[in-house]
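Student: Protein sequences, first through last, are from chains G and A.
Counted the way UniProt numbering counts, the first sequence spans residues 1 to 278.
Counted the way UniProt numbering counts, the second sequence spans residues 1 to 299.
Take the hints with a grain of salt, since some may be wrong.
[Unchecked claim] Computed cross-link-like contacts, SDA-like style, restricted to lysine to any residue with a CA-CA straight-line distance of at most 25 Å: (1) A/180 with G/16; (2) A/200 with A/82; (3) G/134 with A/112; (4) G/134 with G/224; (5) A/236 with G/235; (6) A/180 with G/164; (7) G/78 with A/210; (8) G/221 with G/71; (9) A/180 with G/264; (10) A/180 with G/78; (11) G/78 with A/288; (12) A/180 with G/191; (13) G/181 with A/13; (14) G/104 with G/10; (15) A/100 with G/235; (16) A/200 with A/210; (17) A/71 with A/7; (18) G/134 with A/35; (19) G/221 with G/197; (20) A/236 with G/168; (21) G/104 with G/120; (22) G/181 with A/164; (23) A/236 with A/64; (24) G/221 with A/45; (25) G/181 with A/146; (26) A/200 with A/289; (27) G/104 with A/71; (28) A/236 with G/104; (29) A/180 with G/22; (30) G/221 with A/7; (31) A/288 with A/67; (32) A/236 with A/65; (33) A/180 with G/235; (34) G/134 with A/236.
These are computed hints drawn from the structure, not numbers from a lab.
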Amino acid sequence: MILKKFKWPIYHIFVGLLAIVMVYPVIWLLMSSFKPSNLIFTTSSSLIPDPWIWSNYVTGWIGSSGQSFMGFITNSLKIVIFSTIGAVLSSAFIAFGFARLQFKGRAIWFAVMMVTLMLPHDVVLVPQYIMFSKLGWIGTISPIVVPQYFGVPFFIFLMVQFIRTIPREMDEAATIDGVGKFGLFLRIILPLIIPALATASIFSFYWRWEDLMGPLLYLNKPSSYTVSLGLKMFLDSESVSNWGAMFAMSIVSLIPVLGVFFLFQRYIVEGISTSGLK
Amino acid sequence: MKSLAFRNNLVGYTFISPFVIGFLIFTLIPAAASLYFSFTDYDLLSSPSWIGLENYTSMFTSDDRYLQSLKVTMLYVFLGVPLRLIFALFVAMILNTTSKAVGLYRTVYYLPSIIGGSVAVSIMWRNLFGDQGIINVMLNSIGVDSVRWFGDPNAALFMLVTLSVWQFGSSMLIFLAGLKNIPNELYEASGVDGAGFFTKFFRITLPMLTPIILFNLIMQLISAFMTFVPAYIISKGEGGPLDGTLLYSLYLFRQAFVFFDMGYASAMAWVMLIIVGILTAVVFATSKLWVHYESEGGR
Numbered sequence: 001m002i003l004k005k006f007k008w009p010i011y012h013i014f015v016g017l018l019a020i021v022m023v024y025p026v027i028w029l030l031m032s033s034f035k036p037s038n039l040i041f042t043t044s045s046s047l048i049p050d051p052w053i054w055s056n057y058v059t060g061w062i063g064s065s066g067q068s069f070m071g072f073i074t075n076s077l078k079i080v081i082f083s084t085i086g087a088v089l090s091s092a093f094i095a096f097g098f099a100r101l102q103f104k105g106r107a108i109w110f111a112v113m114m115v116t117l118m119l120p121h122d123v124v125l126v127p128q129y130i131m132f133s134k135l136g137w138i139g140t141i142s143p144i145v146v147p148q149y150f151g152v153p154f155f156i157f158l159m160v161q162f163i164r165t166i167p168r169e170m171d172e173a174a175t176i177d178g179v180g181k182f183g184l185f186l187r188i189i190l191p192l193i194i195p196a197l198a199t200a201s202i203f204s205f206y207w208r209w210e211d212l213m214g215p216l217l218y219l220n221k222p223s224s225y226t227v228s229l230g231l232k233m234f235l236d237s238e239s240v241s242n243w244g245a246m247f248a249m250s251i252v253s254l255i256p257v258l259g260v261f262f263l264f265q266r267y268i269v270e271g272i273s274t275s276g277l278k
Numbered sequence: 001m002k003s004l005a006f007r008n009n010l011v012g013y014t015f016i017s018p019f020v021i022g023f024l025i026f027t028l029i030p031a032a033a034s035l036y037f038s039f040t041d042y043d044l045l046s047s048p049s050w051i052g053l054e055n056y057t058s059m060f061t062s063d064d065r066y067l068q069s070l071k072v073t074m075l076y077v078f079l080g081v082p083l084r085l086i087f088a089l090f091v092a093m094i095l096n097t098t099s100k101a102v103g104l105y106r107t108v109y110y111l112p113s114i115i116g117g118s119v120a121v122s123i124m125w126r127n128l129f130g131d132q133g134i135i136n137v138m139l140n141s142i143g144v145d146s147v148r149w150f151g152d153p154n155a156a157l158f159m160l161v162t163l164s165v166w167q168f169g170s171s172m173l174i175f176l177a178g179l180k181n182i183p184n185e186l187y188e189a190s191g192v193d194g195a196g197f198f199t200k201f202f203r204i205t206l207p208m209l210t211p212i213i214l215f216n217l218i219m220q221l222i223s224a225f226m227t228f229v230p231a232y233i234i235s236k237g238e239g240g241p242l243d244g245t246l247l248y249s250l251y252l253f254r255q256a257f258v259f260f261d262m263g264y265a266s267a268m269a270w271v272m273l274i275i276v277g278i279l280t281a282v283v284f285a286t287s288k289l290w291v292h293y294e295s296e297g298g299r
């Protein structure tokens with residue numbers, strides 16, 4: 001609105017050029033994944049691969065030391081799915097309590113939750129690691145997955161905000177019909193907050209898919225490595241011969257992220273722009 | 001009636017019980033333990049031995065790498081966060097139009113942030129800045145000598161800052177939502193009064209956005225302070241060159257899980273908490289001076 005006076009062609013040239021600058025690195029990564037490893041850097045200024053090859057994807061997929069990339073993807077998916085189910089359902093359950101029930105100490109616990117939301121994770125890193133190692137959970141996905149079942153403050157906050165927009169008359173009508181609080185949550189609120197559940201699921205997917213610290217600390221066998229750790233392994237064993245494979249698998253690791261984005265674009269944009277604003 | 005109140009409390013606590021239990025197990029008890037460890041010498045193998053404030057004093061008196069990591073992190077936060085917010089606001093403004101192409105532009109501009117903190121992005125960034133990477137090729141083409149990004153600590157930190165600016169998307173979306181909430185009549189009215197672009201920007205846009213700037217500033221400050229993955233990947237876990245990318249979280253991680261000095265790492269975590277707390281408090285305290293809330297009927 002403030003830019004109304006801008007001449008349209010100039011606007012589109014400028015915004016379009018900046019857009020190219022923004023996506024250039026991603027296109028560069030994509031194109032490099034089709035170049036022979038020894039040419040990636042000597043031809044880094046030209047985008048078009050010459051010759052155009054697919055073999056990076058084959059060698060990358062086969063992986064190294066008997067560890068195929070498919071294995072990393074399976075491990076990541078396992079963590080993502082179990083974490084997301086736990087994070088979303090528990091957060092919705094907790095959010096209902098905060099948003100709709102009157103009980104002593106509610107305000108205090110809500111404040112505690114907001115403080116937890118802002119607490120740097122590093123503060124609990126060391127004792128959590130010790131706790132999980134005493135439990136014998138090192139080498140399993142439990143340290144990454146189990147805490148998700150106790151609610152994620154960001155999601156709880158998101159859902160509380162969402163539930164507050166649902167008219168209370170719905171609750172009252174259901175209560176008159178003899179529905180209890182659990183029934184109210186399951187049958188009335190849960191179906192109405194599906195957009196918020198979707199937003200939280202997408203975020204949970206992103207965070208767990210990208211997570212490096214958790215797998216780095218708790219997964220110690222290459223057979224249990226996630227995609228992030230698998231990529232890091234490529235980087236560690238870096239030699240001229242596998243640049244291409246590393247780039248190719250970087251692209252593969254981004255496919256699910258982009259897929260979720262394009263499928264659920266509307267939810268993501270709404271989710272981000274409403275969280276913390278209303 | 002007492003039993004009804006009891007029943008309400010019972011139901012309420014049943015619903016929030018996962019959070020309460022999780023908070024105690026995964027936050028409160030670990031935080032207390034970390035505070036205790038911070039006063040001990042603890043290597044995981046033998047039991048912690050109490051050394052009082054030694055971790056805290058040696059941090060500031062005899063650990064140059066700690067001071068370096070603090071310096072690097074401060075530079076990263078104080079350069080990166082404002083640049084990122086300014087860029088995010090700039091992009092939000094150019095995308096806040098009614099053109100049909102805007103949907104496409106928005107997707108393209110948001111793309112770098114979607115692929116976000118992943119290892120792939122850090123690997124890509126590392127290679128863009130390689131000795132023969134595209135950034136150096138471009139510098140050469142305009143007659144500037146190649147920069148040795150992995151040899152010069154300042155250049156390496158610059159790499160991290162540009163990466164964080166490039167991923168401005170979430171702040172941009174929040175700004176965009178804020179811009180859409182500014183009533184168009186305000187611009188029209190000032191347009192009638194003959195106000196130009198800059199007058200409109202500084203008199204209307206910026207003041208109306210201040211609550212959102214505050215929100216973005218706090219969120220970005222906290223997350224910038226905890227940045228780990230790019231520094232870890234770009235420097236291959238070392239924080240080099242010459243500790244130029246040794247961000248606070250990375251050094252803390254190395255103290256804990258490379259050198260197994262759990263006490264020292266815990267003390268570092270508490271100092272970080274205090275620093276982040278002070279920064280947040282300062283931002284909140286000064287916000288009264290510059291944040292403009294509509295509901296208060298102007299300043």
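Student: Looking back at the numbered hints, which does the structure fail to meet, lowest number first?
Tutor: Violated: hints 3, 7, 10, 11, 12, 14, 15, 17, 19, 20, 21, 22, 25, 27, 28, 30, 31, 33 and 34.
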